[in-house]
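Novice: Sequence order for the protein chains is R and P.
Going by my numbering, 276 is the number at position 123 of the first sequence; the sequence numbering is gapless.
Going by my numbering, 121 is the number at position 118 of the second sequence; the sequence numbering is gapless.
I should point out that these hints are in silico values taken from the structure, not numbers from a laboratory.
Possibly wrong hints are sitting among the right ones.
Claimed, not checked - Listed below are the simulated SDA-like cross-link pairs for lysine to any residue, each with C-alpha atoms no more than 25 Å apart in a straight line: (1) LYS301/R x GLU39/P; (2) LYS300/R x LYS148/P; (3) LYS77/P x ILE235/R; (4) LYS300/R x THR70/P; (5) LYS11/P x PRO171/R; (6) LYS196/R x LEU155/R; (7) LYS26/P x GLU189/R; (8) LYS300/R x GLN251/R; (9) LYS301/R x GLN269/R; (10) LYS288/R x ARG212/R; (11) LYS305/R x GLY47/P; (12) LYS160/R x LYS11/P; (13) LYS92/P x THR156/R; (14) LYS92/P x GLN269/R; (15) LYS146/P x GLN52/P; (16) LYS239/R x ALA297/R; (17) LYS279/R x ILE195/R; (18) LYS11/P x GLN50/P; (19) LYS146/P x ALA210/R; (20) LYS34/P x LYS301/R; (21) LYS300/R x GLU81/P; (22) LYS34/P x MET192/R; (23) LYS289/R x LYS11/P; (24) LYS148/P x PRO256/R; (25) LYS196/R x ARG134/P; (26) LYS301/R x ALA88/P; (27) LYS291/R x ARG134/P; (28) LYS301/R x GLU245/R; (29) LYS289/R x ASP63/P; (30) LYS301/R x LYS26/P; (31) LYS301/R x THR244/R; (32) LYS128/P x TYR260/R; (33) LYS300/R x LYS26/P; (34) LYS26/P x GLN167/R; (35) LYS128/P x LYS194/R.
Claimed, not checked - Quick list of simulated restraints, FRET-style, between CB atoms: (36) ASN91/P x THR254/R: 38 to 46 Å; (37) LYS77/P x SER282/R: 25 to 33 Å; (38) ASN119/P x GLU227/R: 27 to 35 Å; (39) ARG175/R x ALA88/P: 23 to 31 Å; (40) THR254/R x ASN125/P: 36 to 44 Å.
Just so you know, even glycine gets a beta-carbon here, dropped at the ideal spot from N, CA and C.
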Amino acid sequence: MLTEFEKQIVRELQNGLPLVSRPYQVIAERLGLSEEELMNKIKEFLDRGLMRRFGAAVRHQDLGYVANAMVVWEIPEDQILIVGQKMASFTEVSHCYQRPTYPDWPYNLFTMVHGQTKEECLAAAKRLSEATGMKKYKLMFSTAELKKSSMKYFV
Amino acid sequence: MLLDQLDKKLLNLIQSDFPITAKPYQELAEKLATTEEDIINRIGRLQEQGVIRRLGGIFDSRSLGYTGTLCAMKVPPERISEVAAVINKYPGITHNYLREHNYNMWFTLLADSEENISDILNEIKTKTGIRQLINLPAQNIFKIKVNFDTEV
């Protein structure tokens with residue numbers, strides 16, 4: 154899927170853009186490309202979906218999104234597709250996934266809910282519950298961040 | 004930390020519309036009615052303050068051929084920092100949070116194959132001696148909000 158050279162480009166682009174007037178020129182030189190070729194390659198990566206976006210990754214906790222809750226749900230297997238799609242349509246939900254269950258873990262649908270306060274998260278979960286008729290759920294607030302980092306690919 | 008209005012406008016702009024042009028900082032400066040030097044200094048300061056974690060490509064791990072999972076582990080409270088140190092050492096562990104549940108440690112793991120995921124999880128169990136670890140790979144993805152960078 155990716156050529157060795159494309160992997161090399163990924164390695165360079167994940168290291169961050171230099172804070173100089175012509176940053177693409179600096180990276181292009183390391184790769185043996187022209188500035189224009191590199192910029193075209195970045196656009197191509199975006200078109201191919203290899204890159205979700207190009208720009209800044211910020212810490213949202215610092216920007217007022219202080220509360221986030223993982224809301225986990227027990228959904229009957231035959232309703233999970235319809236309920237998952239419905240919950241995904243809410244703007245307060247940033248992620249929505251079906252995941253497997255275990256004997257001591259009955260929850261099969263995961264939604265990440267964001268808000269300015271814990272109360273906002275609780276209210277959002279209640280709205281999701283009322284909209285879908287699903288009553289078995291649990292909010293799990295994070296109490297500490299032990300690691301948050303960007304993945305280094307192809308290292 | 005204190006962010007002024009221009010910092011906030013700049014952050015909004017560079018999260019979604021970072022220019023892919025020869026002089027991107029100059030282009031941002033023109034949009035925000037300031038100088039290229041001011042933009043470069045501000046981005047540098049926001050990086051130092053940790054507001055900007057990274058400026059560059061935000062990749063789609065699946066499209067690059069990586070596979071990811073979410074795991075939860077029951078860690079005795081007195082062993083949290085020691086166990087976190089073992090887990091966080093793996094470069095493929097991108098997030099690790101404590102949450103209020105008896106499965107209290109929640110981490111995401113990325114690797115280039117299912118086999119590597121399974122090897123790393125087995126290593127974690129062996130090194131920590133904790134067997135209560137559940138692997139929760141996504142079976143259906145209903146939503147990943149693209150411009151909200153949590154990279155799970």
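Novice: State for each hint whether it applies.
Specialist: Against the structure, the hints come out as follows:
no.: 1; hint: LYS301/R x GLU39/P; in the structure: violated, 31 Å
no.: 2; hint: LYS300/R x LYS148/P; in the structure: holds, 21 Å
no.: 3; hint: LYS77/P x ILE235/R; in the structure: violated, 32 Å
no.: 4; hint: LYS300/R x THR70/P; in the structure: holds, 19 Å
no.: 5; hint: LYS11/P x PRO171/R; in the structure: holds, 21 Å
no.: 6; hint: LYS196/R x LEU155/R; in the structure: holds, 15 Å
no.: 7; hint: LYS26/P x GLU189/R; in the structure: holds, 12 Å
no.: 8; hint: LYS300/R x GLN251/R; in the structure: holds, 24 Å
no.: 9; hint: LYS301/R x GLN269/R; in the structure: holds, 20 Å
no.: 10; hint: LYS288/R x ARG212/R; in the structure: violated, 32 Å
no.: 11; hint: LYS305/R x GLY47/P; in the structure: holds, 21 Å
no.: 12; hint: LYS160/R x LYS11/P; in the structure: violated, 33 Å
no.: 13; hint: LYS92/P x THR156/R; in the structure: violated, 29 Å
no.: 14; hint: LYS92/P x GLN269/R; in the structure: violated, 32 Å
no.: 15; hint: LYS146/P x GLN52/P; in the structure: violated, 31 Å
no.: 16; hint: LYS239/R x ALA297/R; in the structure: violated, 30 Å
no.: 17; hint: LYS279/R x ILE195/R; in the structure: violated, 42 Å
no.: 18; hint: LYS11/P x GLN50/P; in the structure: holds, 14 Å
no.: 19; hint: LYS146/P x ALA210/R; in the structure: holds, 19 Å
no.: 20; hint: LYS34/P x LYS301/R; in the structure: violated, 32 Å
no.: 21; hint: LYS300/R x GLU81/P; in the structure: holds, 18 Å
no.: 22; hint: LYS34/P x MET192/R; in the structure: holds, 20 Å
no.: 23; hint: LYS289/R x LYS11/P; in the structure: violated, 39 Å
no.: 24; hint: LYS148/P x PRO256/R; in the structure: violated, 30 Å
no.: 25; hint: LYS196/R x ARG134/P; in the structure: violated, 45 Å
no.: 26; hint: LYS301/R x ALA88/P; in the structure: holds, 13 Å
no.: 27; hint: LYS291/R x ARG134/P; in the structure: holds, 24 Å
no.: 28; hint: LYS301/R x GLU245/R; in the structure: holds, 22 Å
no.: 29; hint: LYS289/R x ASP63/P; in the structure: violated, 32 Å
no.: 30; hint: LYS301/R x LYS26/P; in the structure: violated, 31 Å
no.: 31; hint: LYS301/R x THR244/R; in the structure: holds, 24 Å
no.: 32; hint: LYS128/P x TYR260/R; in the structure: holds, 23 Å
no.: 33; hint: LYS300/R x LYS26/P; in the structure: violated, 34 Å
no.: 34; hint: LYS26/P x GLN167/R; in the structure: holds, 19 Å
no.: 35; hint: LYS128/P x LYS194/R; in the structure: violated, 41 Å
no.: 36; hint: ASN91/P x THR254/R: 38 to 46 Å; in the structure: violated, 27 Å
no.: 37; hint: LYS77/P x SER282/R: 25 to 33 Å; in the structure: holds, 27 Å
no.: 38; hint: ASN119/P x GLU227/R: 27 to 35 Å; in the structure: holds, 31 Å
no.: 39; hint: ARG175/R x ALA88/P: 23 to 31 Å; in the structure: violated, 41 Å
no.: 40; hint: THR254/R x ASN125/P: 36 to 44 Å; in the structure: violated, 21 Å
In the structure shown, a violation is registered for the earlier hints numbered 1, 3, 10, 12, 13, 14, 15, 16, 17, 20, 23, 24, 25, 29, 30, 33, 35, 36, 39, 40, in ascending order.
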